[in-house]
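A.B. asks: Chains A and B are the protein sequences, given in the same order.
Once you know that position 246 of the first sequence is 503 in my numbering, the rest is easy, because the numbers rise by one and skip nothing.
Once you know that position 241 of the second sequence is 498 in my numbering, the rest is easy, because the numbers rise by one and skip nothing.
Treat the hints with care, as some may be off.
[Claimed, not checked] Non-contacting residues of chain B with respect to chain A, defined by C-beta distances greater than 12 Å in every case (computed):
| no. | residue |
| --- | --- |
| 1 | L361 |
| 2 | R405 |
| 3 | H484 |
| 4 | R548 |
| 5 | G652 |
[Unchecked claim] Simulated coverage check for chain B against chain A, where a stretch passes if three residues somewhere in it have a Cβ under 8 Å from a Cβ of chain A:
| no. | segment |
| --- | --- |
| 6 | 625 to 633 |
| 7 | 698 to 705 |
[What the hints assert, rightly or not] Here chain A is said to cover these stretches of chain B; the calculated rule only asks that three of the stretch's residues, wherever they fall, bring their Cβ under 8 Å from a Cβ of chain A:
| no. | segment |
| --- | --- |
| 8 | 383 to 393 |
| 9 | 522 to 535 |
Honestly, the hints are just simulated from the structure, not real lab data.
Even for Gly, the Cβ is constructed at its ideal location relative to N, Cα and C.
Listed below are the residues making up each chain.
Number of protein chains: 2
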Amino acid sequence: MEAIRARIAGRSLAPGDRLPSIRRFAETMAVSPSTVVEAYDRLAAEGLIRARPGSGFYVSGAALPPLSFAVDPSLHDRAVDPFWVSRQSLEAPPEALKPGCGWLPADWMPTEALRKAMRAVARADDALLTDYGGVLGSRALRRILLGRLATEGLQLGQDQVLLTASGTHAVDLTCRYLLRPGDTVVVDDPCYFNFRALLRAHQVQVVGVPYTPTGSDVERFEAVLKHASPRLYLTNAGLQNPTGAGIAPQTAHRLLNLAAAHDLTIIEDDLFADLEPEPTTRLAALDGLNRVIRIGSFSKTLSASLRCGYIAARVDRISDLADLQVATGFVGASPVAAEAIAHVLAGGGYRKHLDEVHRRLARKRREVIARLRSIGVEPWIEPRGGFNLWCRLPGEIDSAELACAALKEDIVLAPGDVFSPSQTASRFMRINVTHCDDPRLMSFLRLSLSG
Amino acid sequence: MEAIRARIAGRSLAPGDRLPSIRRFAETMAVSPSTVVEAYDRLAAEGLIRARPGSGFYVSGAALPPLSFAVDPSLHDRAVDPFWVSRQSLEAPPEALKPGCGWLPADWMPTEALRKAMRAVARADDALLTDYGGVLGSRALRRILLGRLATEGLQLGQDQVLLTASGTHAVDLTCRYLLRPGDTVVVDDPCYFNFRALLRAHQVQVVGVPYTPTGSDVERFEAVLKHASPRLYLTNAGLQNPTGAGIAPQTAHRLLNLAAAHDLTIIEDDLFADLEPEPTTRLAALDGLNRVIRIGSFSKTLSASLRCGYIAARVDRISDLADLQVATGFVGASPVAAEAIAHVLAGGGYRKHLDEVHRRLARKRREVIARLRSIGVEPWIEPRGGFNLWCRLPGEIDSAELACAALKEDIVLAPGDVFSPSQTASRFMRINVTHCDDPRLMSFLRLSLSG
């Protein structure tokens with residue numbers, strides 16, 4: 258393959274030229290004809306050459322542009338909006354530091370269990386490897402989810418869980434089902450920046466309610482219900498993003514009563530569930546999925562590469578959501594991916610993996626908090642779990658400006674205002690403690706914050 | 258019965274629990290008490306519950322019912338709308354016949370190559386198994402796609418291809434980007450039924466233009482452009498669904514000129530590309546992706562389980578679509594799935610697999626056409642490739658009625674009107690020739706059509 262590529266690159270083979278016959282080229286290269294057939298087939302698969310039946314192979318004239326790691330140069334000039342952190346984190350070159358990103362490094366994930374799961378899937382029935390699967394998604398994974406939900410006190414039927422293409426997709430699908438352009442949606446202030454990007458795509462009004470260390474500010478929440486008549490409240494369960502705080506039982510109880518009084522639907526996105534060392538209050542469990550729709554995924558503790566999310570809700574809602582997913586994606590999660598996830602979850606090692614992750618996270622949070630305090634950066638709270646710290650910068654430093662300066666040093670930060678619907682978090686920053694080991698980060702921060 | 262079963266399956270009713278009283282449950286379900294008595298008696302006969310005279314019904318402690326293949330009974334009563342064929346095909350029990358479905362049987366797919374690809378992925382870097390990957394998706398797969406597109410005459414840059422969660426998702430994402438509620442969209446009449454379901458989700462007006470054996474009826478197309486000012490034309494390339502016809506070069510040229518004169522954008526969904534034995538005219542290739550957006554997937558000839566689609570378009574559009582995908586799904590295709598697909602496509606065996614599929618399909622089409630003609634069912638055309646036949650039923654038979662009768666015999670048909678925006682195809686039916694081997698099908702059709 259390299260020999261042919263070189264000839265094309267050096268123009269000794271031009272577009273339209275016939276390649277050497279398989280027999281002749283095999284003699285030239287001193288390899289077997291079947292090796293040449295394989296090489297030609299692969300080059301044809303790449304589009305570099307083309308087979309003309311009964312005639313041979315020809316140079317196709319399609320130069321292959323190399324795909325580089327280079328960040329789109331225009332990315333550096335992008336406005337620091339709710340898309341900014343996602344794009345910068347996802348597009349960062351391998352050597353970049355990403356304390357602004359929202360996931361664990363690869364070496365924190367259960368890679369051996371994943372490899373085992375992939376090998377198990379490679380041995381599965383033909384149908385699993387080739388077919389769409391059912392409308393609701395993998396039975397094996399749904400069965401495991403029903404068991405996990407039951408331990409939280411949610412006794413659900415098999416038609417109450419729908420697998421989706423991702424956790425974000427689950428939120429999107431549910432919003433599409435519930436919302437119409439112009440509706441009002443309540444979010445936490447601060448909230449996960451991608452909720453803001455997503456709701457923008459739905460063309461709805463977004464109202465933020467201040468998030469406190471014990472959950473949403475209930476008085477402000479009630480005032481918004483009275484004056485803005487929102488249709489939906491979109492929030493995180495357990496470890497709120499970005500604060501790492503959670504909802505206290507009394508806040509949860511009062512919120513649900515307010516929701517009932519104002520006919521408000523709630524989406525509780527529980528994507529950080531497995532990062533919580535001790536389970537805490539869930540709106541879904543209190544409400545029994547009457548007006549709460551529970552969403553989750555496996556991206557934060559198992560694999561973000563095996564795209565899969567889920568929705569747990571009332572039967573009537575799941576049926577409608579399944580129709581909507583058929584119309585807009587045909588089926589949701591890849592059956593292969595869902596089966597691999599089920600394989601990992603069903604294995605005994607996953608619980609041990611989580612225990613280890615919790616221990617490492619607790620240690621990292623302590624370490625990073627101490628280092629941040631030494632340079633005047635103060636966490637808003639010390640979270641019970643997870644990898645996010647919501648931090649106040651010292652003095653009058655603007656975190657968006659800091660993030661732009663950091664990007665020039667290949668450091669991706671998550672500045673506060675991308676999380677804030679009211680744009681009142683410019684002195685804050687979200688820091689992922691698992692991406693803080695490289696000394697370049699603290700050097701950069703120390704230098705910038707003391708300037 | 259289903260409600261009680263669900264509660265027991267979901268463990269909201271545990272062994273030993275008393276069931277709701279007949280009167281109360283009748284109220285809950287809004288049915289008569291005698292219906293509940295009947296349901297309880299049947300469940301008792303199955304052993305799932307037990308009657309204690311003078312006390313009521315109790316859960317008997319029998320083993321939890323497995324998640325079954327059983328079609329949701331309410332599915333049988335669903336209206337024959339654009340969702341009908343998808344839901345029935347996806348939910349059909351394994352023993353059902355599915356000549357109405359839109360995919361090849363598992364034993365037509367390259368399963369050995371897929372197993373090899375999964376094993377290769379199991380050996381990949383940790384990051385591939387655990388991370389989100391980039392915004393645009395797997396570099397390996399995009400490189401192969403650029404090569405394939407180049408052989409069609411589309412010389413694209415690396416920023417012009419975006420991987421998505423599926424082909425359907427690619428269409429949906431593009432529609433979301435281009436359309437606003439109330440816009441008008443042109444489709445073929447007949448067209449793929451799920452286009453109708455998808456456009457319904459976008460709350461747009463749908464106008465059908467008759468599809469002829471050489472593509473859209475250009476005079477009617479022009480009239481629609483003049484009177485309805487559509488924003489978008491959504492169509493299939495190559496082998497149109499359901500007809501199997503394709504666009505002739507002159508039709509394509511005239512359509513593109515009309516599109517330019519009326520500032521119309523075109524989505525060309527090329528999902529059947531690899532089922533075409535000889536490549537034919539593509540709007541995308543003629544237009545050079547100026548006003549055409551090209552979409553494709555790997556579901557029909559490689560695997561529908563590895564969910565992955567793609568969009569090829571102008572750089573500015575891909576950048577916007579990538580943002581929209583981040584907001585609504587974070588990343589699109591599973592990196593693991595995309596890598597496995599790239600592995601199969603790059604292997605020399607995929608071309609041989611396609612050659613074999615083309616040969617088998619040609620044989621099947623001939624066989625099935627002969628059998629259908631013997632019972633008075635006439636294909637509209639004899640397609641050049643693919644597995645779909647668009648067929649006229651004899652006499653005054655209504656295909657939706659036929660499909661409902663067939664479902665009772667576990668046969669899923671695709672009645673004509675689900676494909677027809679104008680509801681003028683009630684005498685037609687789409688038949689997938691690869692799902693016609695079981696003699697039960699021809700027996701059923703012979704009997705029903707002669708009646």
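A.B. asks: Any hints from earlier that this structure breaks? Give me their numbers in increasing order, please.
C.D. replies: Hint check: 1, 2, 6, 7, 9 fail, others pass.
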